[in-house]
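Got chain A sorted already, so can you dock chain B onto it with the hints?
Given next are the chains, with one letter for each unit.
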Amino acid sequence: VIIARRNVWSGGALLLLLMGVTLLPFASMFTTALHQSGTYPQGLDWPSDPHWGNFVKAFHVANMGTIFKSSVLIVLAVVPVAVVIATMAGFALGQLRIHGGRPLFLLFLLGLTLPFEGVIVPLYYEIRNMGLLNTRWAIILPLIGLFMPFAVFWMRAHFLNMPHEISEAARVDGATTWQLFWRIHVPLAGPAVSSLGILMTVWTWNQFLLAIVLVDDPTKRTMAGALGAFQGQWGTDIPLLSAGSLLILTPTIIVFVVFQRHFVSALLQGSLKG
Amino acid sequence: MSETTTSSSRAYRAARGTSASRALHVRARDVRLRGWLFVLPALAAYGLFVLWPLVQSFKYSLYRWDGVAAAQWVGLDNFKTVFSDHELLGAVEHAFELIVFFSGIPVVLGLVVAGVMRRVASRRISSVAQAVLFLPQVVPLVAAGIAWSWVLSTSGVVNQTLSAIGLGGVTRAWLGDFGTALPAVGVIGAWVLLGLCTVLLLAGMSKIDPALYEAAQLDGAGPVREFLSITLPSLRQEIGVCVTVTVIAALSAFDIVYISTRGGPGDATMVPGLKIYQLAFFNREVGLASALAVVLMVLVLLCILPIQWLTRRGEES
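Going down the list, the sequences are from chains A and B. Residue numbers for the first sequence follow the working numbering, so the first one is 1139 and each next one is one higher. Residue numbers for the second sequence follow the working numbering, so the first one is 2 and each next one is one higher.
Looking at chain A on its own, in the form it has when it is part of the complex (with noise of 0.2 Å):
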């Protein structure tokens, strides 16, 4: 007994441990945020007079509103559009069976494994001569082709995991594909669908390569890509800069918590199957 209660003890310490590395970088964040822009205080240290007003100088100099329309721009152009071709696919793939859908599957199972950074460099030179550099279209287009892989996966899996027989009987009501898949298929496909969809969003938001790549102007970017630019111009500001990360990160953390459930079980699964 009393060296399980010590196990306990220790077990506990280390995770409060943990924990506490874990939150460290933001605790540092934001005592920092606290003090007088300009300054250079120490790593860990609460201000006597907290100046609250740098995060309304931070979104005011990172032109935060505008950035913040962007990215939802950006996300509202991506996600839906991924998730529905994704969807599609993933029930041709996982449910009709089609000829050649395994090669097919193979093919975009390719692109799981790709580094972003192994397509960047034609991507630039494809998106000049499409005329679209510096437009939020730069941005879109490929990321919905760059989220297919995971999210054509997803959905097949989520696909082959339904009964074959709810399709057959709505065949032999005279069902056509198209009515099989919006009125049978789509309905129950909800929660693979919203994980996904949460995924996608979180995964925009914080695109970094594609944004300081193929857009030069900030407020055309996705908020990562912006955040990088703002740490640019204000690196030597740390306060400020403090302010303005703590801004661009607090979105995420707020989806994550309203999620978390969803969020992980996405992530498990989604790594388990790959």
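Be aware that one or more of the hints could be misleading.
What the hints assert, rightly or not - Far from chain A by the CB rule (all over 10 Å, computed), these chain B residues:
(1) SER85
(2) GLU94
(3) VAL108
(4) GLY223
To be verified - Chain A regions said to be covered by chain B (calculated; three or more residues, Cβ under 8 Å):
(5) 1167 to 1181
(6) 1243 to 1251
(7) 1258 to 1264
(8) 1368 to 1379
In case anyone wonders, no lab produced these hints; they're calculated from the structure. In this text the structure is predicted, and so the values were computed from the model without any measurement. Heads up, the beta-carbon is just placed ideally off N, CA and C, and yes, glycines get one too.
Showing chain B alone in chain A's frame:
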């Protein structure tokens, strides 16, 4: 929506019973063709913005091109450069060193933490700890990079703590020191990935049959023995997933390095992703950048395929 479903399924049931089987037969072939229409939009997006650039990467890698003037065919010269230039080789080497931190720490520590959560911690604490440890996975890597640059800076928390416990002698700018910069970047990666691995491994542990442990205890096995002969083998698939995801993250690291060190000091933290970016968009060496990109993609596959093969043998894919 459920209303539509029930009413339409009722309609189906009512209409059932005609010459269904023949119609089905005819339609089956039709459906398989029409199924391709469902894949087409996804395939188009994937082809246009992933497969096509991928092919182009291979093509560019065989040319010398500054992005403006006419490209000049150079065969495999760019690849020879990648494998002989010590700056480029160094970048690849750094990527492999990062694996130690990005994969090693999260998987080993993840196993310990998941074990602790499972066996000794109360359910409440463990679910809070899971959420907290998972947090770095959600915030933009850029923000993580900025936060850690500050934590590891001269006046950051790490040095503050070291000074407070009387180790003021070892304080330094961790990301600016040739000896510590790469491990410091590695620590940031470990911080990002620990939560993901912990949660994954924990989910795997909860699927292990408790009877196995009871049997082991009856046989007098200690905790270490239990871990080695039950926990570890049962988690083969989960460990495989953790290693796969983290190795890809290590080899293709970009955001964190870009923000925290830009590859410096000197080339101490240069990684392939950042080098590709610099070569293509600042040095105007599009061909060489593409050759490095091809090498990077091949390396990722060479690392991932054996891991997948080892951890998935004998399972349905």
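A quick look at each hint next to the structure:
no. : hint         : in the structure
1   : SER85        : 21 Å, holds
2   : GLU94        : 17 Å, holds
3   : VAL108       : 13 Å, holds
4   : GLY223       : 12 Å, holds
5   : 1167 to 1181 : holds (count 6)
6   : 1243 to 1251 : holds (count 4)
7   : 1258 to 1264 : holds (count 7)
8   : 1368 to 1379 : holds (count 3)
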